[in-house]
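Those protein sequences? They're chains A and B, same order as listed. As numbered in the working numbering, the first sequence has no gaps in its residue numbers, which increase by one up to the final residue, 334. As numbered in the working numbering, the second sequence has no gaps in its residue numbers, which increase by one up to the final residue, 1304.
In short, the hints are calculated from the structure, not lab data. Ideal Cβ placement from N, Cα and C applies to all residues, glycine included. Any given hint might turn out to be false.
Claimed, not checked - Simulated DEER-style distance windows between Cβ atoms:
id	chain 1	residue 1	chain 2	residue 2	range
1	B	1248	A	114	50 to 56 Å
2	A	285	B	1238	55 to 61 Å
3	A	17	B	1236	39 to 45 Å
4	A	209	B	1191	40 to 46 Å
5	A	160	B	1031	46 to 52 Å
6	A	161	B	1283	44 to 50 Å
7	A	287	B	1047	49 to 55 Å
8	B	1238	A	161	37 to 43 Å
9	A	205	B	1145	22 to 28 Å
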Amino acid sequence: MSSIQPPELVCPAGTPAGLRTAVDAGADAVYCGFQGPTNARNFPGLNFTPEQMAKAVDYAHERDAKVLAAINSFPTAGRTHVWKEAVDAAVACGVDAIIIADIGMARYLSTRHPQQRIHLSVQAGASSAEAIRFWCDRFDVKRVVLPRILTVAEIKQIHDAIPCEIEAFVFGNIGMMAEGRCALTNYVTGCSTNLDGVCSPAGDVHYEEDRQGNLTSSLRDVTIDRFAQGEHAGYPTICKGRYSAPHREHYYAFEEPVSLNLTHLLADLVQVGVTALKIEGRQRSRAYVRSVVSAFRGAVDDYAAGRTPDVSHLLALTEGQRETQGAFRSKTWR
Amino acid sequence: MQGELTLGPVLFNWQPEVWRDFYFEIADEAPVSRVYVGEVVCSKRAPLFDKYVDAVVDRLKTGGKQVYFSSLAEVSSAIDRRLVKAVTTDNDAAIEVNDISALWHLSGKPHVIGPFVNVYNEDSLDALADEGATHICLSPELPKEGIAALTARAQERGVTLETQVFGRIPLALSARCYHARAHGRTKDSCKFICDLDPDGMELNTLDGQPFLTVNGIQTMSYTRLNLVCELAELMELGISHFRLSPHSAGTMHAAKVFRAVLDDEITAEEANGLLQDCGPDVPFSNGFFHHKPGVEWRVSGALV
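Just chain A, same shape as in the assembly:
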């Protein structure tokens, strides 16, 4: 593996302090967004003002790290100026790339700021070589963030058929539904993941404990899961809840509350042409970011030097202390 160019380690930052933490822990690039609905992690207390973004870019560039601005929700009709202003502000801040999902924003960015590097967000749901080639051909996209639904073998096929770089998720939340095409949260809460950038908004999340110590989690008035005393209680997203089908009781109909961890597939991913490895979690704490980024920095450096890294402690950071390789290892996960 020493003959292979080491992949870029792309890490999350929900706040300016989080960005500094990620850079200091060894991130090659950090992705972050502006406050408000223009990015797909629109949570209270998260994200950057334009002034903070500009300072963050300076901080990162002084340390040879890149900043990637995620403007990857879908503009609401009648309010596209909010997203265009975000794009203009990101360009003015000197970010290294802008991550977009909306075809209208791609056109705006490529015509208004033709020199600005464009990355295609996972929210665009481009999961085939043909879709990716379309984006590259029309808008000169330089990198695609692949959905978490492809096997390593399929990633290789895509790599061989597209003219741009590939970024792949390696750690963090495993999005169960095709990104950019999920209206489950909106169906329950009236808040749209695609349009408002919010999945399972905190204001609609409730936990209730009964006398026996059982904990029920709900989203608005919909029960998502119930946990016995001492059982690890996950955050109630609809796609990680327990339900009953006509012939099956109380099961995880979509996915157990597990996290994606592709540590053991790093070498495979790099060999099939993945340029950048992405860690999910802009809503996570600085301590989490420091731990995960440091571990992956070590892992990437070890792989690049031909050593086998020990990253077993990453398991403690996964959701419910359970991890999966999801779709990446084999098609049987599907």
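Starting from the known structure of chain A, arrange chain B on it as the hints suggest.
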């Protein structure tokens, strides 16, 4: 009222003969002007009814319907990609695009954009019109304010707009088959178990509350979208085509009811009563249009 009724593609795994006979009846009897045909959810299902496609299309055209082929909504595997390529390049049919991959093959030819491609704003509409889109079926997630902004731009661009007004609501797509998973199988070993549920497999919450519907890799609402009371408002906003999504029973009845409302033969309130008889027997919802949770049902603006 003017306005055209359309019939969206069958989203479920019906027996091939049932699928064929459904379309034959639609061709002969249904007051819809346009019919979308094709596998949108799972490429594995397409070969099951392939042998009847030509007969169905002929019958629909003989019945005076415009016929469009709907392309697959999620495209990743080799079989997915072959299906999209076949649909978009191996015939001269009119195409409804449900994934950007189809646009690559169409390379600028006129087409329809389906509800699985995100068109949430005027700039996206512009970009897609430049690619050859002449008609767009909007996402059912869009509230009336968004529809209003889009119709204004669509009229400038000569693009006609459609929105779903009846039937279970498509909410999400995944790589994983939840029908197979419910039966302890995987997508590759599914043995087409989704054919057990011609209107989807219903999921209840732990409290026994009906919640969602599983259709292979697709997740749908448990409730049925019903915008019959909003038809007049949709037309005022500039929507010209109204889509009914097929179910195993009651689709013909729903088509006749909606047509009667569009023809001013009955009121929307009367239609609501008649639509109760269109299976499956589940509650209505119309929240998305009113910028509320999609699951909600409002009559005259009040939550029921």
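- Query: Between residue 17 of chain A and residue 1236 of chain B, does the C-beta distance stay in 39 to 45 Å?
  - Reply: Check failed, 50 Å falls outside 39 to 45 Å.
- Message: Quick check on a hinted range of 50 to 56 Å for residue 1248 of chain B and residue 114 of chain A, using CB atoms only.
- Response: holds (52 Å)
- With 46 to 52 Å as the target window, see if residue 160 of chain A and residue 1031 of chain B comply at their CB atoms. holds (50 Å)
- Task: Evaluate the given range 55 to 61 Å for the C-beta pair formed by residue 285 of chain A and residue 1238 of chain B.
- Result: violated (47 Å)
- Message: Taking the Cβ atom of residue 1238 of chain B and the Cβ atom of residue 161 of chain A, is their distance within the range 37 to 43 Å?
- Response: holds (40 Å)
- Between residue 161 of chain A and residue 1283 of chain B, is the Cβ distance one that fits in 44 to 50 Å? holds (46 Å)
- Query: Between residue 209 of chain A and residue 1191 of chain B, does the C-beta distance stay in 40 to 46 Å?
  - Reply: holds (42 Å)
- Confirm or reject the claim that residue 287 of chain A and residue 1047 of chain B have a C-beta distance inside 49 to 55 Å. holds (52 Å)
- Range hint 22 to 28 Å: satisfied by the CB atoms of residue 205 of chain A and residue 1145 of chain B? holds (27 Å)
Of the numbered hints listed earlier, those contradicted by the structure are 2 and 3.
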